[in-house]
Each structure stands twice: as C-alpha cells, then as structure tokens.
Amino acid sequence: MDIGMIGLGAMGRAMALNLAQAGHTVKAWNRSGGSVEGVTMVASPADALQSDTVLTTLSDDSVIRSVLLEPGVLKHAKQGLVHVVTSTISVAFARELVVLHEAAGIDYVSAPILGRPDVAAKGELNVLAGGAPHALTKVRPLLDVISKRVWDMGADAPAANAAKIACNMMIAMAIEAMPEAVVLTEANGLSREHFFELILNTLFGSRSYQVYSANIAAGQYEAGFKASLGLKDLRLASEAAGQAGRSLPLLAAVHGQMAATVEAGMGDRDWSAMAALTIDPNAKRRSIVRSSLS
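Just so we're aligned, residue 231 is where the sequence shown starts under the numbering used here, counting upward by one.
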C-alpha cells in the first residue's frame, strides 16, 4: 500500500519504520525534518496526501489545524484517500474533522492509539478505530502492522477519540491512586516496594500499574509520556465531560494535581511525576527552586 505519514515524533517514527519494513511504500513529512530508514521524506503535507492512505500523528488539535486545515491542503488530496488520525484530539475537533473530510470527499478514520514508544517500536499498539466500515476495511492491513489488536469503536469516528481520552483519564487516576496508597502504607511502616508487590500480584496487575509503580518505587520520573501532554489529555476529558453536561469529581481532582505538577516545572518529566507531589508535599517547592536556579 502507498502510505503517507504526517508527523514523525517518537510514535510516528516507530510506526513509519514498521510499515516500511512490512513492505509498504511510505513517504513522510515532518515539521522538523529528519529521516527514517526505508521512508521517503517529502517537502509538504500536501505531498504526503498523494497516497492511498495517510496517517497523521501530530500532537494535538491546534497543530493539526495549523498544518492541514488552515493551509487548505485537504482539497489537494489524492482521489480515494483514507485519512487516519492517530493523535489524541478532542471529541469536538474530531467531529469537525468528520464534517470537513466529508466536504472534501475524503474518507476519515479516527484511530488513537494506546501504548508508549517502546510498544510502538514492537508493533504492539492497541488501536481504537472509528469510522465508516468501508474505510476501516481499507486501512485495516496497515493498522494490523502497527498493532497487536485493532479495536472497532464503530461507525461514528469521534467515539474512538472519546474512548482514548477516557483511557488516559483512567491511567492518570491510577497513577494518583498509587502514591495516595503509599502515603497510608509508608506512614505505618510498610515500604512502597513491599506494597506494590502485593497489589501487582493481587488486585492491580495491569500494565499501567506495573509501569508506573516502578517509577514511583524508584522515585524516578524520567521522560516517558510527558506530564504536559498528560495535562492536555485531562483537559480534553474535562471538556468532553462538560459537553456531556456532567461533572466528574475524580477527574477534577486529578486534573488539578497534574496541573500542579506542570506548574512545579516537571512538565517535561513523565506524567507519573505527579506522584512526587502527593508523597512529598515539599516536592513542588524544591522543584520550583531547582527550575529557578537552572
């Protein structure tokens, strides 16, 4: 298949490489240039849209809008193109994209992904795919290359975006649950390592608890999924809740804690750095001091 890629961040690069290695013809555009083995770099997003399928992996609503919508490049897309947006975007923006693609005569699929760069490199992402059945059928072979499973979220593409936002919201809630439990257990003489061994082998053995409990146990929050991006996703969840006319109290609390993490100068660290503020109330002050001295 002739595949275009728009955006080559850590996730996009891994997907492009896997698609090229699977024998697909891949051409890509990236704002900051660069290269990927087996991938032809092109001069503009419009060039990437001269493909059978295009995967957009740009970071958020505003970047997609500035790269694809404001320049009006969709109207120059190849006839019969299916445009797959794998980014975590707002439900409202996904609905706008559906309308704009219909007007341009282009098939649109929302396909946000669950997984970190190491998972993407292995081709083991979970893809949450929503869109017209004929469009999903056309792009299924390439989604199979980058994933261990494609989850069909139905014909209404924005449902896939709602599912991804809800998943990230729940991961953030799990992250916050662990340090709150550590506060209780360490105050009563039980080490966090011992407590995490208990929960991982009884009630909470999922990947999210495994990955982030290791960060919390070590007190190490090196960049993985950045806290600034986590804050963006929690904002999207808050917006979606508002559009549904509902107030979600746990979401509001975690959103506030993630905001405090970013405000403390830890926006470029892994979003599990939120745990540092819960376990140690002085962590925010020390982080701000370090940032001011650097």
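Hints in this document: simulated from the structure, not taken from any laboratory. Heads up, some of the hints might be wrong.
[What the hints assert, rightly or not] Cross-link-like lysine-lysine pairs, in silico, DSSO-like; alpha carbons within 27 Å at most:
no.	residue 1	residue 2
1	K368	K462
2	K352	K378
3	K378	K305
[What the hints assert, rightly or not] Derived CB-CB ranges, DEER-like:
no.	residue 1	residue 2	range
4	M271	A396	28 to 38 Å
5	Q309	Q440	43 to 53 Å
6	A489	M271	34 to 44 Å
7	A385	E493	38 to 48 Å
8	D382	A417	23 to 33 Å
Cβ atoms here follow ideal geometry from the backbone N, Cα and C, with glycine treated the same way.
Tested hints:
1. K368 <-> K462: violated (31 Å)
2. K352 <-> K378: Distance ~9 Å between K352 and K378 Cα, so the pair holds.
3. K378 <-> K305: violated (33 Å)
4. M271 <-> A396: 28 to 38 Å: holds (35 Å)
5. Q309 <-> Q440: 43 to 53 Å: holds (46 Å)
6. A489 <-> M271: 34 to 44 Å: holds (37 Å)
7. A385 <-> E493: 38 to 48 Å: Taking Cβ atoms as reference, A385 and E493 lie about 41 Å apart, which means the hint holds.
8. D382 <-> A417: 23 to 33 Å: With a Cβ separation near 46 Å, D382 and A417 fall outside 23 to 33 Å, so the hint is violated.
In this structure, the earlier hints numbered 1, 3 and 8 are contradicted, and the remaining ones agree with it.
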